[in-house]
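Asks: As they're listed, the protein sequences go chains V and B. Each residue of the first sequence is one higher than the one before, starting from 1 at the first, in the working numbering. Each residue of the second sequence is one higher than the one before, starting from 1 at the first, in the working numbering.
If you are wondering where the hints come from, they were derived from the structure by calculation, not from laboratory data. No experiment lies behind these values; they were computed from the predicted model shown. Wrong hints could be hidden among the right ones.
DSBU-like mimics (lysine-lysine), calculated; alpha carbons at most 35 Å apart, straight line [as the list claims (entries may be wrong)]:
1. 42/V with 430/B
2. 130/B with 81/B
3. 430/B with 88/V
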Amino acid sequence: MSNYFTNQLRGYPVVLSALQAYSKDICRNCIGLEGAQTKVEKGLKKLCMDLKGSSIPGEEKEALLAQINSLSREAEAIELSEDCECQKTAGNCKIGTGCFPLGALDIQKLITEPAAL
Amino acid sequence: MNTAEVLNIRGSCCLETAGIRQHLKDLMSGNTLKIVFDPPLRQDMENLVAEEKCEILHLDDEGKSLTATILKKASTIEMLKVSPVADYPTEEGCFLCGNHYSPVAVVVMLNAPYGTMPPEVKSIPPEIDKLVKSAVETGAALSGTLQTENIGIEKIVCNIVGNPNIRYIVLCGVDVEGHHTGDALRALAENGINQQRTIIGSTAVTPYLLNIPKESIERFRKQVTLINLLGEMNPEVIGKAVWSCYQEKPAPFLNYMLSDPGAYPEQPMSCRLNWRVKKPESIEEWELEDLVKGIEEEQKAVAVPQEKEVAVRVSEPKVAAIASHLLRITEELSQIAKIIVGEAEAKPIAPVKEAPVVEEEKTVCAVKEEAPAVVAPAVAELTEKELYFHNQLRAYPGILAGLSACDKDICHNGLSLPVAVNSIVKKLGKLKKDIEVSSISEQRRGEFLARIDSFLEAAQRLPTDPGPCQKTVGNCTIGKGCLATGAANLLKQITEPSSLTQ
Numbered sequence: 001m002s003n004y005f006t007n008q009l010r011g012y013p014v015v016l017s018a019l020q021a022y023s024k025d026i027c028r029n030c031i032g033l034e035g036a037q038t039k040v041e042k043g044l045k046k047l048c049m050d051l052k053g054s055s056i057p058g059e060e061k062e063a064l065l066a067q068i069n070s071l072s073r074e075a076e077a078i079e080l081s082e083d084c085e086c087q088k089t090a091g092n093c094k095i096g097t098g099c100f101p102l103g104a105l106d107i108q109k110l111i112t113e114p115a116a117l
Numbered sequence: 001m002n003t004a005e006v007l008n009i010r011g012s013c014c015l016e017t018a019g020i021r022q023h024l025k026d027l028m029s030g031n032t033l034k035i036v037f038d039p040p041l042r043q044d045m046e047n048l049v050a051e052e053k054c055e056i057l058h059l060d061d062e063g064k065s066l067t068a069t070i071l072k073k074a075s076t077i078e079m080l081k082v083s084p085v086a087d088y089p090t091e092e093g094c095f096l097c098g099n100h101y102s103p104v105a106v107v108v109m110l111n112a113p114y115g116t117m118p119p120e121v122k123s124i125p126p127e128i129d130k131l132v133k134s135a136v137e138t139g140a141a142l143s144g145t146l147q148t149e150n151i152g153i154e155k156i157v158c159n160i161v162g163n164p165n166i167r168y169i170v171l172c173g174v175d176v177e178g179h180h181t182g183d184a185l186r187a188l189a190e191n192g193i194n195q196q197r198t199i200i201g202s203t204a205v206t207p208y209l210l211n212i213p214k215e216s217i218e219r220f221r222k223q224v225t226l227i228n229l230l231g232e233m234n235p236e237v238i239g240k241a242v243w244s245c246y247q248e249k250p251a252p253f254l255n256y257m258l259s260d261p262g263a264y265p266e267q268p269m270s271c272r273l274n275w276r277v278k279k280p281e282s283i284e285e286w287e288l289e290d291l292v293k294g295i296e297e298e299q300k301a302v303a304v305p306q307e308k309e310v311a312v313r314v315s316e317p318k319v320a321a322i323a324s325h326l327l328r329i330t331e332e333l334s335q336i337a338k339i340i341v342g343e344a345e346a347k348p349i350a351p352v353k354e355a356p357v358v359e360e361e362k363t364v365c366a367v368k369e370e371a372p373a374v375v376a377p378a379v380a381e382l383t384e385k386e387l388y389f390h391n392q393l394r395a396y397p398g399i400l401a402g403l404s405a406c407d408k409d410i411c412h413n414g415l416s417l418p419v420a421v422n423s424i425v426k427k428l429g430k431l432k433k434d435i436e437v438s439s440i441s442e443q444r445r446g447e448f449l450a451r452i453d454s455f456l457e458a459a460q461r462l463p464t465d466p467g468p469c470q471k472t473v474g475n476c477t478i479g480k481g482c483l484a485t486g487a488a489n490l491l492k493q494i495t496e497p498s499s500l501t502q
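Next up, chain B with everything else stripped away, as it sits in the complex (with noise of 0.2 Å):
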């Protein structure tokens, strides 16, 4: 603290006129400040030391005079950032964690098949890892990939809601093919979602949010501006978009002025998905109604208060009542439990009577068995041409099945039908052919041919001698497709591999 200066202002009647307002803007912090001034000043003298963010240490009363010692309080820096939530990054994902006081995260779209990747998501094509890898060290709190316009981006919003420090989401790379998922990112920061969960505006298929509260996804749309730079596959125009997001001061950047707003002013919010709809992408149009209406139920039922457990007293006496009773039964039942030994020691095991099974109701399908039999073989373990014929053979059980269903409708009496079974009673026979003079091992010859065998014997339950076209007839209303031919063209689903040539 330096020597204070002394002002006197004693006839000075205003604080203002006499300059003390600037000498106080232009005092150092931490220095001080002496000024003697009349009494009648004082409370005036008070709220200007107030004002320009001074104290007054000292006020000594001379009487005709008043001292003050004032003193510049040290200037407190605003704090604009926050702690994350204490799980965040609360949602697992493909993505990389930065600094979490950033203000900027990065989706880069992973446009992929969907599911084709594995758990681990080990094969990221390079030019997405890149991107991703390249946004972090340029500075953003999160960088990872979005695949899927529902579970995906309820990810998203879980992270982003648990750190109020990211204001941004630069949205990039190209768009996920079919799923039209960085669509569906920016149709939610957008327009939001409607009453029935999904996302407003969005063209992807299953754009529906359904595992995460409503509250968090208005706090993500109040929290983010959305970057769009859907496309956009350059590591250094994404790395200029996530500088621009933490200037103090507004950056351009293509359209728009970006700079570090500070935290978003609410409380982190500790959210995850809780998974009541696994599979969104399997929902219906028609069945979100009462979906939603279920979530919504359930939430409510969870929001009411439990009835209050109420303590029930109990007299010491009752308890020793209750313990002594308590120990009578078990006694009793350790008694019960040695004759029941002593018993079985003594007896030979009786053979139990099985309950009459009561045979189930007859169904229209016609493939039922009780234990089925799961094949499994190592196709590893297979030559081209045994994985040839194995693949064959994999498809005759659902067509076979199928045409047994059409012979228990109208199809029974049609054309159709018949001819499908005379063509798979066909193919049967050439593959078996083709079987027995393959150059495979006996073993599998002989396993084929077994299967093969008892495919062509449940062809021969099946009808075989063309009848009347059930559509030409005016029975078969259905349009232009034929059941029969449908069961039958499943074996059409085997393109691998193409011929035993190759």
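Isolated chain V, as found in the complex (with noise of 0.2 Å):
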């Protein structure tokens, strides 16, 4: 079972380190960055939730719960203006259909094995 929660875990700081770094650009200003933290964060913390719930031996379940703590930490740490809008609606985003904060959040559902609790 800790394999799940591991393999999880392993995805996030991924994701977490490539919206970090698309909030220094327009990003910080859009809804599809403050989607994508809001996500981040609610996984995490669904997470934390079933690994308090989960049979996972206690030495091992605090490890991977301050790991999580930690990306939670990250997580809310992402900067984002105050007043955020889609920043294709507003113009100063060109690149297509697609959106860098969704694709990062997108890795991880690369993540498929174990595929659930």
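Since each chain comes alone in its own frame, lean on the hints to assemble the complex.
Replies: What follows is the structure in structure tokens.
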């Protein structure tokens, strides 16, 4: 079971690093990054809940929880403008239909095993 | 008032047999009738007069007989309409207001990609705009568009319960792709919400009604009947539905029999969104239970009466003493301020020693700049070629940060990370060459090349010598995906301009 949590926690640092990098770009003013940040925060919260309810031995659980907490702080620290709006709509982002923060978020979806708890 | 007709029924044992009821019925409103009758029938006469909505103006007692002058009261019209709440419509939205006393509101689905509409919603598709306008012109109380299955529906509920005259909602237009908002409104009317404030039986993705009281939702369901014309875009059909709703006598419309039943027999509800949940679309199902619990606890806390403030009586001498004390404190503070100002003017300002900076705990993320520099280029000023380079370069900070994070994991010894790094280095090299030979301005060229150099420098810190695949070795068990490749693929988010040749 701990493999599930370990694998999930391998994805978040990659996602968060990319999101932090994009927060230095116009994405800082964008609902795309705002939404991705929310998704990561919620994903970590859910992971924390599942982990607390799991039968993983205490010490290992503590280590994983510490990792989740650290990642949650990272997610929270992503800098965003107070009033975010889609930068495509605002005319500042012209990369096409894609979105860097949402693309970064999709990295987490590459983790497919173990499928679920 | 006409001259009174006189009926003499002395000797009759019963008013009914004397045909008095019929006389009273036939009496025109405002007219009078004199009836001479025997005293034992007095009580019966009073009862009958009341039953027939008349009143006895005079009753002359002549001993052996009584003469009643009876007036037919003016018929009162039953008031079936009421005024909406003072701040009606309580919620703003994309709708038009018509006659407040109309029994019907029209909801047209706004099938447009969510979030693409500007705030002022000036680009509503013309066929939808036409439908909205024609509904109000036909006599609807409200007519507007609906896009979201949560906030949008909540606003509708608030505006409907604020006007008890509205008894029908005509739902029309093509349902919103992905959101299934129209279906959510149908399901709300049919089934209501569950304990987790989710619309029962809705196919919408996030049909959560978290910003309005449950009571308003229940009231909404009791107050209105939904006329489901989802998919219908013909203004004539919608117009017929609206017309049918305000008929006095039941009028057939499709499978419905419609007529105006008058206002809902309860007070209007002044209800607004509390915006506790601003983005219901980002709520996950597993969060709902806690969220709803929090909302309900908050409501209970609000309902608990606050402790009464205790009025403290202070005697006049005490008030005088406190005032004198406060005055003394003010004088002392003023003297202290003068001393500080004097010292500050006499001495040169000494540099303030900075407190030692405590280094933050190192985190797993690779990129962490203290003062983020927001790149805000005026893309409108860029040529097509410059935009191509600009867009390509925007991807790399995220890619390199992602690869750096992979480097701190088992990917460091693996195969895919070096492969991804080498690929990125090659792409940056190609981009550099393209920039060097392109016909862009020297200033832009310099900016772009400087950025590429900084990316190449960051890439050089990453592993480039392939090791064994960590899946094959058995260390990576995440499935078929690869985090390093995923990070490198962020470049694929850029699709415009598609190439330099365009």
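Asks: Does the structure keep residue 130/B and residue 81/B at a Cα separation of 35 Å or less?
Replies: holds (29 Å)
Asks: Would you mind confirming whether the straight-line C-alpha gap from residue 430/B to residue 88/V stays at or under 35 Å?
Replies: Holds, because 27 Å separates the two Cα atoms, which is no more than 35 Å.
Asks: CA of residue 42/V to CA of residue 430/B, is that 35 Å or under?
Replies: Answer violated: residue 42/V to residue 430/B is near 39 Å, above 35 Å.
Comparing the model with each earlier hint shows a violation of hint 1 alone; every other hint is respected.
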